[in-house]
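Trainee: Taken in order, these protein sequences are the chains called A and B. If you use the working numbering, the first sequence closes out at 434, no skipped numbers anywhere. If you use the working numbering, the second sequence closes out at 1151, no skipped numbers anywhere.
By construction, these hints were calculated from the structure, which means they are not laboratory data. Source: prediction; values computed, not measured. Accuracy of the hints is not assured; some may be wrong.
Label-pair restraints from in silico Cβ distances [unchecked claim]:
| # | chain 1 | residue 1 | chain 2 | residue 2 | range |
| --- | --- | --- | --- | --- | --- |
| 1 | A | Asp-288 | B | Glu-1139 | 31 to 37 Å |
| 2 | A | Asp-288 | B | Lys-1040 | 44 to 50 Å |
| 3 | A | Glu-206 | B | Cys-1014 | 44 to 50 Å |
| 4 | A | Ala-300 | B | Gln-1047 | 22 to 28 Å |
| 5 | A | Leu-434 | B | Gly-1122 | 34 to 40 Å |
| 6 | A | Val-293 | B | Gly-1084 | 18 to 24 Å |
| 7 | A | Lys-311 | B | Gly-1023 | 51 to 57 Å |
By construction, the Cβ of each residue, glycine as well, lies at the ideal position given by its N, Cα and C atoms.
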Amino acid sequence: MIKKDVILLILTPEQQALLDGAKGETMAKVVKTLVMYGDAFGAERMVPVTSQCGHTVISFGLKAIQPVYELYDQLIDAGLTAGQKFSADPRPLDPNVPSSLLEDIVFKKIMYTHQEQYEEQLKKLGILGDDDYTCTCYLDQVGNKPKEGDVLSWAESSAVVYANSVLGARCNRNSGIIELMGSIAGFVPEFGLVTDEGRKATWVVEVKCSKKPEAQLLGSAIGMKVMEEVPYVKGLDKWIGTELDEATCSYLKDFGAATASNGAVGLFHIDHLTPEAKKQGTKLIQKDAKVYVIDDEELARVKAGYPIIWKNPDAKPQLCFVGCPHLTVTQIKSWCDQIENKLRENGLNQVTVPTVFTASPAVIREIEQSVYASKLKTYGIVLSYICPLMYMNNPLCKKKAVITCSNKLRTYTSARFYTEEEILTIITSKGARL
Amino acid sequence: MKQFQGRVIVPGTCTAEALVSRGGFNTLASYQMALMFGDKQVKCGDQNNADIYKKPMLGKALCLPMTIGSTTGGMVLYTACAMGKQPACMLFSMPIDSLAASGAILGDVWTDAVMPVVDSLGDEFLQTVQTGMTVTVGENGLVTVEEASAE
């Protein structure tokens, strides 16, 4: 147990009372957890969580993490539901996604045996609704979109980096469980990305590419270089503009997810584009900031360095995932249009690799009300709310030749990365090859 | 014998055999298979970490720069603590990252596991310590590295 004299953080009388047990032993442990968390990072005080909703990264009823559900039972039994409603990451299972009989057995009998039970827990703890399972909770269709300056208690690296960078909210890269405790207490320790100083850039990234760099590849290169630090990116506005329209936000969603998963980036600034960069410009850059220049050669070098961990590197792709993080409406329509053109060019009716597009239930609903729903079906594409990462987190998938244009999925699983253009070529060619 | 002064994140003392990850320790990738399939030795499942891949982590002094990867990392570490499958201690050369801190603190507050955690031990610590060496953690964050194995 932590010693009292180690605590540097000053609590308000109300917070101190909670720590002393005014609302029971379980609440005292919640506050103690947050105090120790803040203390580890030199926080001097707690700040109120000001966003309307939280977001949790734990969306899966995985047998292996039984102690987490037991802890959540303690919270529920103590009446500690979240002070704010929250959304959760995507569900790990969807019967529409192709899987073998053996995979079904592994998913349902070995891995995700606690799914139903856990979703019941989430209802008691305060999940927004049955459909609020997505890593892109901040999209308009989903509605959990923080305002600029809001303090959040979120976890899910891609959502945190987006909220910080594109929306101008303030959130640290919290772990699962801790984020829920912040939502329950209604306050979080003030350190890191919650502070002005912690949001200053310690890297300047100069983009000097001859064409628009692929979001997931550029993000990967930057993430691997800067790790957990804050990059200020110059030269990208030349390719993606200076307005946060839907296409640009979609780009930054994928870019950010790659910086967060290939490194540990929680915040980036894009010159002339993201909210703080627009207001403060290069004043956001610390004096001793390091410089990283990215050109076409550097991106090619980064891509060539990805390990191919398929048993047979020449295997024909068996499955393709597009949408990690979940796709936006704009992205689904764009992919659909491009696939339509390519299939026509190649004299094909359907994609030649089983392909799954993933998106939030709310985005799927919007697509289902458009002509694109029937187009996707015609081309043989499955539109699913699943988390591809959860789907692939099992030993059987290591033997499966899965391709993706997601650098997050590549990082955490055996999926092989191709650029969006390469994916398009592969899934619309007769031999399913480049 | 060499000594390194770090900062105490979770107090405690222990002596254990070092297991050294020179690169970032991916908590989810390292633990997920061992937790899922009940591996008694808790062997590291991260194929991208050549230093410790397939090596038992249970009861070792895990020496690392920082943790990396999914924000489920803290939850995974908490789960390992709750199941008694945690390392003997975690010793960071760098200031601790938010995910590792979460896991270590959750383990300390919500389980009976004993896992001292010390950070900011410096680059020289990680250059000195080798897998198999004996590491002793003192109450005040003083870490002693000896060449002889603990066994």
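Trainee: Each of the hints needs a verdict: does it hold here or not?
Mentor: Status of each hint after checking the structure:
no., hint, verdict
1, A:Asp-288 x B:Glu-1139: 31 to 37 Å, "holds, 36 Å"
2, A:Asp-288 x B:Lys-1040: 44 to 50 Å, "holds, 48 Å"
3, A:Glu-206 x B:Cys-1014: 44 to 50 Å, "holds, 47 Å"
4, A:Ala-300 x B:Gln-1047: 22 to 28 Å, "holds, 24 Å"
5, A:Leu-434 x B:Gly-1122: 34 to 40 Å, "violated, 47 Å"
6, A:Val-293 x B:Gly-1084: 18 to 24 Å, "violated, 49 Å"
7, A:Lys-311 x B:Gly-1023: 51 to 57 Å, "violated, 24 Å"
The structure fails to meet hints 5, 6 and 7 from the earlier list, while all remaining hints are met.
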